[in-house]
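Okay, here's what each chain looks like letter by letter:
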Amino acid sequence: MDKQRFTPPSWSTQFLAWFLKKDYYEDVQGDLEEEFQLKAKDTNLIRAKRWYTWQIIRLFKPSMIKEIEAQNSIEKETTMFKNYFKIGLRNLWKYKSSTIINVIGLSTGIAAFVLIALFVKDEVSYDRHHVHASDIYRVTVKNYTRDGDISRQWAFASGGHATRLKEDYSEITHATRFYAWAFPDLNYGGKDFLGEQVVFCDPDAFDIFSFEFIEGSAETAFPDIYSLVLTRSKAVKIFGTDWQEKGIVGEAVTLSRDGNEAPFKVTGIIEDMPDQQHFHFSYLAPIRFVELIMGEDAVNNVSGNYNWLTYIRTSEGANLPGLTKDANDEFWDKYIGQFQSGANARDFYDFEFQPLLDIHLTSNLEGEFETNGSIDQVYIFSVIGILLLLVACVNYMNIATSHYSRRMREVGVRKVIGAFKSSLIKQFLSESLLVVVLSLPLALVLITLSLPYLNEFVGKQLVFNPLIQTDLLAGLIVLMILVSSMAGLYPALFLSKINLVQALKGEQSMNASKWNFRSFLITFQYVVTIGLIFAIGVIESQMGFIRNSDPGYNREQMVSLSLPRGDYSNETFRNELLKHPNIEKAAFSSRIPTGRLADSWGSRFFRGDSAVATGFRLPVVSVDRHFLDAYGIDVVAGDNFRDGMETVLAQDTIATGYYVINRAASIALGFDNPDEVVGKRLNYGPSSGQIVGVMEDFHFESLYSEIVPTLFLVTDRYRRISLKLKSENIRESLDHIEKVYAEFDAETDPNYSFVDDLFNDQYQKEERLSSMIKVFAAIAILIGCLGLIGMVGFIIETKIKEIGVRKVLGASSGNIWMIISNRFLVLIGIAFVLGLPLAYWFMNDWLENFVYRTSVSTILIVMPAIVAVVLTLLAIAYQTMRATRVNPVECLKDE
Amino acid sequence: MKEYQLGEFEEIVLLTVAILHEDAYGVSIKEDIESRLDRSVSVSALQTALRRMEKKDYLKSELGEATAIRGGKRKRFFKVTKTGKAALDHAKETRRKLWSAIPDVSYEYSKAWISKGLRLPPGLHSS
Chain U
7 MDKQRFTPPS WSTQFLAWFL KKDYYEDVQG DLEEEFQLKA KDTNLIRAKR WYTWQIIRLF
67 KPSMIKEIEA QNSIEKETTM FKNYFKIGLR NLWKYKSSTI INVIGLSTGI AAFVLIALFV
127 KDEVSYDRHH VHASDIYRVT VKNYTRDGDI SRQWAFASGG HATRLKEDYS EITHATRFYA
187 WAFPDLNYGG KDFLGEQVVF CDPDAFDIFS FEFIEGSAET AFPDIYSLVL TRSKAVKIFG
247 TDWQEKGIVG EAVTLSRDGN EAPFKVTGII EDMPDQQHFH FSYLAPIRFV ELIMGEDAVN
307 NVSGNYNWLT YIRTSEGANL PGLTKDANDE FWDKYIGQFQ SGANARDFYD FEFQPLLDIH
367 LTSNLEGEFE TNGSIDQVYI FSVIGILLLL VACVNYMNIA TSHYSRRMRE VGVRKVIGAF
427 KSSLIKQFLS ESLLVVVLSL PLALVLITLS LPYLNEFVGK QLVFNPLIQT DLLAGLIVLM
487 ILVSSMAGLY PALFLSKINL VQALKGEQSM NASKWNFRSF LITFQYVVTI GLIFAIGVIE
547 SQMGFIRNSD PGYNREQMVS LSLPRGDYSN ETFRNELLKH PNIEKAAFSS RIPTGRLADS
607 WGSRFFRGDS AVATGFRLPV VSVDRHFLDA YGIDVVAGDN FRDGMETVLA QDTIATGYYV
667 INRAASIALG FDNPDEVVGK RLNYGPSSGQ IVGVMEDFHF ESLYSEIVPT LFLVTDRYRR
727 ISLKLKSENI RESLDHIEKV YAEFDAETDP NYSFVDDLFN DQYQKEERLS SMIKVFAAIA
787 ILIGCLGLIG MVGFIIETKI KEIGVRKVLG ASSGNIWMII SNRFLVLIGI AFVLGLPLAY
847 WFMNDWLENF VYRTSVSTIL IVMPAIVAVV LTLLAIAYQT MRATRVNPVE CLKDE
Chain W
3 MKEYQLGEFE EIVLLTVAIL HEDAYGVSIK EDIESRLDRS VSVSALQTAL RRMEKKDYLK
63 SELGEATAIR GGKRKRFFKV TKTGKAALDH AKETRRKLWS AIPDVSYEYS KAWISKGLRL
123 PPGLHSS
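Just so you know, the protein sequences line up as chains U and W, in that order.
Mapping to the numbering used here: the first sequence position 235 is 241, numbers consecutive.
Mapping to the numbering used here: the second sequence position 35 is 37, numbers consecutive.
Please keep in mind that the hints were generated in silico from the structure rather than gathered at the bench.
Just to be clear, a hint being listed does not mean it is correct.
Cut-off 30 angstroms, straight-line C-alpha distance, at most; resulting in silico cross-link-like pairs (DSS-like, lysine-lysine) [what the hints assert, rightly or not]:
(1) U:K27 with W:K81
(2) U:K27 with U:K92
(3) W:K99 with W:K75
(4) U:K421 with U:K27
(5) U:K732 with U:K807
(6) U:K72 with U:K511
(7) W:K62 with U:K27
(8) U:K585 with U:K88
(9) W:K75 with U:K28
(10) U:K72 with U:K102
(11) U:K67 with W:K99
(12) W:K57 with U:K67
(13) W:K87 with U:K28
(14) W:K57 with U:K47
(15) U:K807 with U:K503
(16) U:K45 with W:K84
(17) W:K57 with W:K84
(18) U:K27 with W:K94
(19) W:K58 with U:K27
(20) W:K62 with U:K28
(21) W:K75 with U:K67
(22) U:K27 with W:K75
(23) W:K94 with W:K75
(24) U:K805 with W:K62
(25) U:K127 with U:K771
(26) U:K72 with W:K62
(27) U:K92 with U:K591
(28) U:K72 with W:K99
(29) U:K805 with U:K252
(30) U:K771 with U:K102
(31) U:K45 with W:K87
(32) U:K72 with U:K432
(33) U:K591 with U:K27
(34) W:K81 with U:K72
Computed footprint of chain U on chain W; a stretch qualifies when at least three of its residues, placed anywhere within it, have a C-beta under 8 angstroms from a C-beta of chain U [as the list claims (entries may be wrong)]:
(35) 7 to 13
(36) 36 to 50
We put the CB at the ideal spot given by N, CA and C, even for glycine.
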């Protein structure tokens, strides 16, 4: 008999095996094979092969193909999942310490992430509720210097911009101004409500913004110039909680200011403006009233007097860049043309139309109506949130994979019984899901407990209630799935890959010392930790730098308050205050240091006999002659103001001016030696006179900005008084101030503040940022440490015999500690090299925000590494101590 | 009465299994049909018929011994069950009844048909 065997085409066989019903395969393939052998022998191999394949192709028909195991497989899967969860729970219960570490790590990670997500979501949702949000723009004006440098960009426009823009450009369908008429008193039915902020606007405002009317409507809001629309909470305040039953539309209220009274009528009630809006007004009234009071000219100028918050709404899909270009090319020429000096107005002004949706996050212009958010902050927190979540996941991965020695046998047995790799992956993924689900309640508790603190911190009213907020609930579910698959995927792949034979033999040679993915994960954790510690260090050192830096004026025991209203002589008020022995000095001014230098006029400096425009911005502060003394600012050349050196500003006349400028101004004028500039002639705004003195530079504004050239003059346009107190009995001095204030103005309370508080307030944003980053960094470090402790525990466990042998041979605990630490120290080294430049780059960027900034010292650079090393060594020491205290006999006795 | 449905090819396969008695497995059945009836049978058609009849309980099968020529795969031996036997009997009886019902004239018609070289009308088979 011919024993020669022929081989049928293998891919046909594979194809058959793939589609044919399992219980048919053996005999059918056997039949085919048998016949193939016969055919190959009788005829020839090629024909036999062709026949074989052809037969298989013909077998590919519905009755022969495997059924898609639908019903059956679901049943099987659920049974398996039940098993996975059971085993998972048993493991979690058995290894409580690692379960606790994982649950703490994941729940804090999730909680921090959710809190940050709430904050970020709130920040990016500003102004989106307006129906036409994407077509609304704010008109802002850029001012340029003679050299073409931008000097200021105003969040406000001039009074005449809105109407003219709307008239001239068909794309602009609506335009409104908002003008806050400084806090008139409101009287209703004999009751006074003092200092209410009434905002005057054009009727278009209701077509631009979607203000929600409760009573009245957008159409009937402003029937005449004495109309008043107010918000729900103001309605409650003025008319009581039952305002809605009373039917207050049509009620008469009186607005009064500076002795003038105007009869207004309530025409509509709107909902309070939502928190997520970049401005909040409580009363809206027609701007035509302001026109009436101030005169047409005052509300219609086309440059300067930037007091009019202006918004336009364009037709849908209008070409904004084109519109901006047209407006800038035409507007200034058309309405201003040339200045008297012969310069073209268009060279000094530019419109910029800011998209409404960008204002809250990106705009920080001159005179923003409310403090806006910052896109940087949103980015920083997003990055931190994601990092925290990653660190928590990495933690889980580390612990789960170092767990492998405990699971190896189980994996081996499962494989022998016939588990596929995919089912093992499913098993370990369901275990990570289990841990995430267990972490969730704790995470929810953490979120609920810490939300009030976060709210206080960021000044928001964030709400967390997933039962009501369905989007939050959905988000949480997605987050859980995401986290469990992120955390579980690597351990699942890792454990399912375990070699069967090794697993069953219980070999533990699995690359415990090799460079593997886990080392990468640990390095990642160290990078995050080192980076965050470095960031905290830099922020702290910058904050310390600012806190301790000398702004150049005295801010200790300085109290500042707005002046009482009413008619009185400043001098009397001052003298009354100074009567108290503890009040040493008193000085009036229009603004005080820590404020902004927002007022400025044009100036011309005399070189010889010809006056030349100075070409730089020279802001002005009105002070009295005591101001420099009160704030301890030195005069470096010339003199301080003397009696009678008053610049009396009046309409239609050029006043005689006496100016004290700062050193920066002197240098900007070209006089490095301040003595030389004293006595020089200068025209400043509607005044003409000479520079009487030069004072030392000081930080009128925050350390964010450079010291700019500044001019002081004495007028009577004061808004505040600053008082220097003796350090003892401050309470008593404040009582005196209150008493005196009440004598001059019984209706309002003195609103005083300490200048050093105001000084610190300037950096509140950074302080807040710094403490929030600190909290989150602390969480990241905590999670990292927990993970480290857990992981080292397992590493030691797998090496328990090695430790035993070493101890028998005479190694001390210290030796063993070093051996285990070595590897981590290498990883810290790598993390340091990778992480620090990254963090340095980020933080340098942040420091660039400050004109006056600290330098990054060596200690800041070394610190993170030291912290990482110390924490690691401590964690390892803790676990090693436990391991080495065991008698070697215990761990070596059985093999 | 219980309905026995049996296709033509199924009937042949069932009969062959009965003929082969103890030795009816894929290859032997196929070879037997091919040699006896001089028609080629595809594995696919044969297997479909076998499995359908097994499902209808006309056949039962069990796995037998493996041989080298089959690459170590076992044979599946088929046996006709009682139901299978009944189905065959039923088929035979139906045919017999039909045969006996044909009047003689028909044969002439039929012969004439064949002599003209035309095909038989559907439903009539020459055996």
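query: Broken hints, numbered, in rising order?
result: 2, 3, 5, 6, 8, 10, 11, 14, 16, 18, 23, 24, 27, 28, 29, 30, 31, 33, 35
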